[in-house]
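Protein chains in written order, with our numbering: chain A, 1 to 306; chain B, 1001 to 1306; chain C, 2001 to 2306; chain D, 3001 to 3306; chain E, 4001 to 4306.
Since the hints were made in silico from the structure, they are not lab data.
Using 20 Å as the maximum straight-line C-alpha spacing, the simulated SDA-like pairs for lysine to any residue come out as follows:
{"no.": "1", "chain 1": "B", "residue 1": "Lys1229", "chain 2": "A", "residue 2": "Pro59"}
{"no.": "2", "chain 1": "E", "residue 1": "Lys4113", "chain 2": "D", "residue 2": "Gln3146"}
{"no.": "3", "chain 1": "A", "residue 1": "Lys181", "chain 2": "B", "residue 2": "Glu1218"}
{"no.": "4", "chain 1": "B", "residue 1": "Lys1113", "chain 2": "C", "residue 2": "Glu2218"}
{"no.": "5", "chain 1": "A", "residue 1": "Lys259", "chain 2": "B", "residue 2": "Lys1221"}
{"no.": "6", "chain 1": "B", "residue 1": "Lys1221", "chain 2": "A", "residue 2": "Asn60"}
{"no.": "7", "chain 1": "A", "residue 1": "Lys221", "chain 2": "D", "residue 2": "Thr3110"}
{"no.": "8", "chain 1": "A", "residue 1": "Lys305", "chain 2": "A", "residue 2": "Leu3"}
{"no.": "9", "chain 1": "C", "residue 1": "Lys2221", "chain 2": "B", "residue 2": "Pro1059"}
{"no.": "10", "chain 1": "C", "residue 1": "Lys2229", "chain 2": "B", "residue 2": "Ala1062"}
{"no.": "11", "chain 1": "A", "residue 1": "Lys113", "chain 2": "B", "residue 2": "Asp1115"}
Short derived list, chain E residues pointing at chain C, Cβ under 10 Å:
{"no.": "12", "residue": "Tyr4141"}
{"no.": "13", "residue": "Ala4163"}
{"no.": "14", "residue": "Pro4174"}
{"no.": "15", "residue": "Gly4176"}
{"no.": "16", "residue": "Glu4218"}
{"no.": "17", "residue": "Lys4225"}
{"no.": "18", "residue": "His4239"}
{"no.": "19", "residue": "Gln4242"}
{"no.": "20", "residue": "Phe4245"}
Covered stretches of chain C (in silico footprint by chain B; criterion: 3 or more residues with CB under 8 Å from a CB of chain B, positions within the stretch not fixed):
{"no.": "21", "region": "2133 to 2146"}
{"no.": "22", "region": "2151 to 2164"}
{"no.": "23", "region": "2199 to 2212"}
Glycine is no exception: its CB is placed at the ideal position from the N, C-alpha and C atoms.
If you want the building blocks of each chain, they are given just below.
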Amino acid sequence: MALTERVQQILSWYGSDNPGVRANLARMLSTGTLAGTGKMVILPVDQGFEHGPARSFQPNPAGYDPEYHVKLAIDSGCNAYAAPLGFLEAVADRYAGQIPLILKLNNSDTLAKLDQPISAVTGSVRDALRLGCAAIGFTIYPGSGQRNRMYEDLRDLIAEAKAVGLPMVLWAYPRGAGISKDGETAVDVCAYAAQLSAQLGAHVIKVKPPKNFIEQAEARKVFEKYGIKTETLEDRVRHVVQSAFNGTRIIIFSGGEAKGTSEVLEEVRGLAAGGAFGSIMGRNAFQRPNAEAITLLRDVMAVFKG
Amino acid sequence: MALTERVQQILSWYGSDNPGVRANLARMLSTGTLAGTGKMVILPVDQGFEHGPARSFQPNPAGYDPEYHVKLAIDSGCNAYAAPLGFLEAVADRYAGQIPLILKLNNSDTLAKLDQPISAVTGSVRDALRLGCAAIGFTIYPGSGQRNRMYEDLRDLIAEAKAVGLPMVLWAYPRGAGISKDGETAVDVCAYAAQLSAQLGAHVIKVKPPKNFIEQAEARKVFEKYGIKTETLEDRVRHVVQSAFNGTRIIIFSGGEAKGTSEVLEEVRGLAAGGAFGSIMGRNAFQRPNAEAITLLRDVMAVFKG
Amino acid sequence: MALTERVQQILSWYGSDNPGVRANLARMLSTGTLAGTGKMVILPVDQGFEHGPARSFQPNPAGYDPEYHVKLAIDSGCNAYAAPLGFLEAVADRYAGQIPLILKLNNSDTLAKLDQPISAVTGSVRDALRLGCAAIGFTIYPGSGQRNRMYEDLRDLIAEAKAVGLPMVLWAYPRGAGISKDGETAVDVCAYAAQLSAQLGAHVIKVKPPKNFIEQAEARKVFEKYGIKTETLEDRVRHVVQSAFNGTRIIIFSGGEAKGTSEVLEEVRGLAAGGAFGSIMGRNAFQRPNAEAITLLRDVMAVFKG
Amino acid sequence: MALTERVQQILSWYGSDNPGVRANLARMLSTGTLAGTGKMVILPVDQGFEHGPARSFQPNPAGYDPEYHVKLAIDSGCNAYAAPLGFLEAVADRYAGQIPLILKLNNSDTLAKLDQPISAVTGSVRDALRLGCAAIGFTIYPGSGQRNRMYEDLRDLIAEAKAVGLPMVLWAYPRGAGISKDGETAVDVCAYAAQLSAQLGAHVIKVKPPKNFIEQAEARKVFEKYGIKTETLEDRVRHVVQSAFNGTRIIIFSGGEAKGTSEVLEEVRGLAAGGAFGSIMGRNAFQRPNAEAITLLRDVMAVFKG
Amino acid sequence: MALTERVQQILSWYGSDNPGVRANLARMLSTGTLAGTGKMVILPVDQGFEHGPARSFQPNPAGYDPEYHVKLAIDSGCNAYAAPLGFLEAVADRYAGQIPLILKLNNSDTLAKLDQPISAVTGSVRDALRLGCAAIGFTIYPGSGQRNRMYEDLRDLIAEAKAVGLPMVLWAYPRGAGISKDGETAVDVCAYAAQLSAQLGAHVIKVKPPKNFIEQAEARKVFEKYGIKTETLEDRVRHVVQSAFNGTRIIIFSGGEAKGTSEVLEEVRGLAAGGAFGSIMGRNAFQRPNAEAITLLRDVMAVFKG
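Generate coordinates for the entire structure from the input sequences, incorporating the hints supplied.
See below:
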């Protein structure tokens, strides 16, 4: 499989990483409908852990079965499928080699509420290796008083993963006592989260679509002084992408809560126009009936394909 | 010993695990009265640690002696016997090979009360190996502010155990500041606990029989919108089993406090009808006189045998 | 040296332990005046650490010198001598092989008061090995909010010690926010402490003589319902011994504060009648003039010898 | 490359370090415009992590690109370039050998506020080695209640780095509950920070320019009694340099917030007159247009060159 | 170099230690003016870390230079020189073999105040080895709520040091929430600190000169009942020395704050009369002009020489 020029260009940004890491990045960028385009759509299914089974799977009960999701990712032409340990163990033996797997290494449930949110580390780099994964995933909550613990866990996992050729896909979700509820998706905060992720050594960065709101007073002065545009989603995404090392780190955006098809596609068009490398789309995919989900995911990919 | 088709089917769900883990699962599924049926009844005796000796053993003082319990498990045809380090060390040398042993690796006493409950880790995977155990056991308290510590201890133990061929039997008992007293056995919470256990990589999951109560507001909306049935124990167990990877993880239910024989059997019939893989029955067994306990356990097994 | 039948019987209860552990148990059971009887009297001298030098040694100033105590233990025919690191290092080179030494691995001073008491770990299994000790000692405070940390330190030390052939002598002293001052010596609490110690894997268990008081409401119901006798010390000791795996773990009792000779012997007669395996007697021994101490210890041994 | 006498003299102060550490110190002292003079100007770019991307890079948007900074450091003739993991990984493969790199091993963001400030450790000595760095950097906050954790992390990193030949550049920024806002740059506190850094084993020490203010009452008495001069920046810098082992540790000063060119140069003249070994200048450099930044940095170097 | 009889006698008290530890004790006891007498005077210079540079060194500015102190120790005939990592690294290469060095492994600054005081561990046993030290030093604060952490750090360091032949010099300074300000130098508390240090395995113990005050109510009863004399410094020192294993551990006393020459010598005479093994004298030495300091130190040694 020869790599496309675009994929080679992207890999050139990760020149300090070893060939193993770059080979796995290439694997993800060369899989599915978007293979070779430099764009990515990933199916993530950690909601059973994060929100509970009924809220996650009852809208489309086929999703109670772990096999459903990996098949959906394959059938719809996703670049990769991401899930916690249990969901991957349930399918890795039968689907080895059919789609790049991303083991999400930390997770949080909603049965206890912590003032300073932090996810539990629930898997390891060795788990990712034994299950044949192409990458590991991790979530940080900048804004939480426990962020240092998360950054330090991340540092250890990134170092271990890089040494064995596994890239890190980092979910950067600001939340916690340090920021307001609106601030969680503020454009300055999303951009800051992207910058932090890149500085921490992530290979693929996932943030939420930024809203037209600025959280930090010090940042607001700068946005106003230099006229950084934030009116349209495209504007805001452009700033966030720029904040990820001037667009030299793969940065993708989440879909968030389930919503209507036209809304989803409208948002994706804004993301693509702003320079996003792709989407990570969970509930909007697996909570729809199978055929509808496949259609939607393909429509999303078509937008990114341009 | 050829495995039955049902046992082979169950083992196929654990295809990402090594042969050692599956061999030990097969050992437990091929022992005792329920051998080969895919059902399990386990005798657990950790109450001396958890509630103290008099409350646990005075109703049937033979139980002060550790040898009593392993013999009861063998004589009644249980699939396995589970206990903390001390109780297993007291018998492992003489009963090696006579029944699969499960070393419970964490335990909690009632002499101190913690706001955020957490058990102490009191044994190790190496202990399980040197005592010839077939599995390890662990308890998590989802809902406790200390749950992350428990999940992370669990992750380390599961990883270590899987590498040496030992399955994990996980007690998932929601409790702590995050949920109400009724919520500890709410159907949504039990189902969530089952999902968490499966995502965390447990091989056998033990939860409490779910009550007709829904704890979480967000979950209640979904139960109502999609008409998830919760009136009968059978309904509720079905939902919990579905939440354990659509029934592809062994999930068994505890008996809880001592009660009358007809009550016990009534409950077990509900569990069996809902698709439970079996029961784990402690106080209802060892606090009865020996002959009565053996009769009850055999009656329970008969229900599961169908 | 052939072992007596009683010692062989006791060793048979520890059949899951390796020959090294059993050899050291045999050493302690085959030393001194009570050699071969299955009974033990141990001299423990950790009071310098726990209460300070003047309070401990001024009543008999010879005791400021570490050599005094090991000689007292030998001269009076004790089974073993237990002390913290410093006291053992001060004598181990000259008294190697003359009496089994027990290295107390954690200790607490009274210069700071913690709400949730916990001892510092002040020695290691390797220290015990290099000093030629026959066992290690450890203290737990069930009832303290810090008990989990102590149980987990204990688990690590027990595992390490068992692997190198050293038995664990466990001081189980309930205290802390979870129980009342009277509850520290309540019969239900002492029995619970004995059960916990046995479940945690201790070889020799040391508790305080139980008083005729029941701390826990749930336990009181059981004591009343089943008529567990608690009037005499003999009754209460019998329940505590039963709670240590039905008498199949060596369980000995402390003497506590210094008191009159007749009081000491009266208490020891109660302990012996209830089935205690012996006493651990510190201040009542070393704070008396030497000759008087030797006489008292020999009188105590005579009671246990029966 | 023969070392100048001055560089050899400086290296002689580090005689207890191994040749690897001294070779890397020599590398930094023999690079750029100030090569051989014993003076250093370092470009540090950690503001994207510490203050966010817009506040850091929007004034000169070329700075969103990590490549911009390493080129600026080279083009302006800096002795070294310091940045967090991500920024160095983005350029280390292409700029290996062109300028000494310093990996900043801990960083802090402004999305969460901690009462007792502490940075997260976000990189490792192994990262520094694999990226071909000449040194590692670390930040301590004397005055924070968490300072012990930082000093202990530092000790481990220094020990590891020294063993593999990497010097430690220590940012010593007093802050936290122990000192007032003004006290953060008080002359007694800056001098104390320099002393602490030297005692902790740092090779290059970076503090803020001291203000004419004395924070600690006990120190004030001494300053008054012995007439330590603090009126001019030169006076204060002299005391701080003296506090770094009488000037036998390389001590450089930060530029702080962006300000006018004449202000910057005025300050640098004071630093140089007081015996500073150089400056570390970030925002005042990379937030200016490229040509202006190069001019300023060269002017700064000219001052130190004298 | 043949050891004197007195030195041989002292070494005999440390018979459980390996030859390496005893050789280094012998080195310290056989160096300087007091060589062979069994007495020790040590120069400690950690005040730059503990109190800041100006307060420590401005009274005699030569002391800003690390070389000053090691020369003072040599020139005055001290047995050893003790300092933190930085100060020793600054001189170890040039003064190797000229005087025994003691690396102080933990230190505390006064820029932050902790309710429960604890020093940071700032050096390691490996540092002591690579710098050619004869011993390590450590400080404990009995009375602090953090004392367990300090005792446990100490245990690890002592174990590591003993294995490689390095003795432990322990600074035992009671302070913290558990005791009053006066209590920090109370005779019962000093004696208790000496006992704790010995029990923890220290080879050389350093406490403050005890005052005629009794802190603990329980101790006061004993002091009164048995008539322990506390009127003169000689009386109190005798009790403290007795509390260090009846005088079989080397115990020396600090000089504390700078004071007049006659006061210093008066105090030293009291210490010597009570059986102290020597003094550790910092500020009273290095804050005096060089010649005066040498004279004072020699006068102090003359007192101990008797």
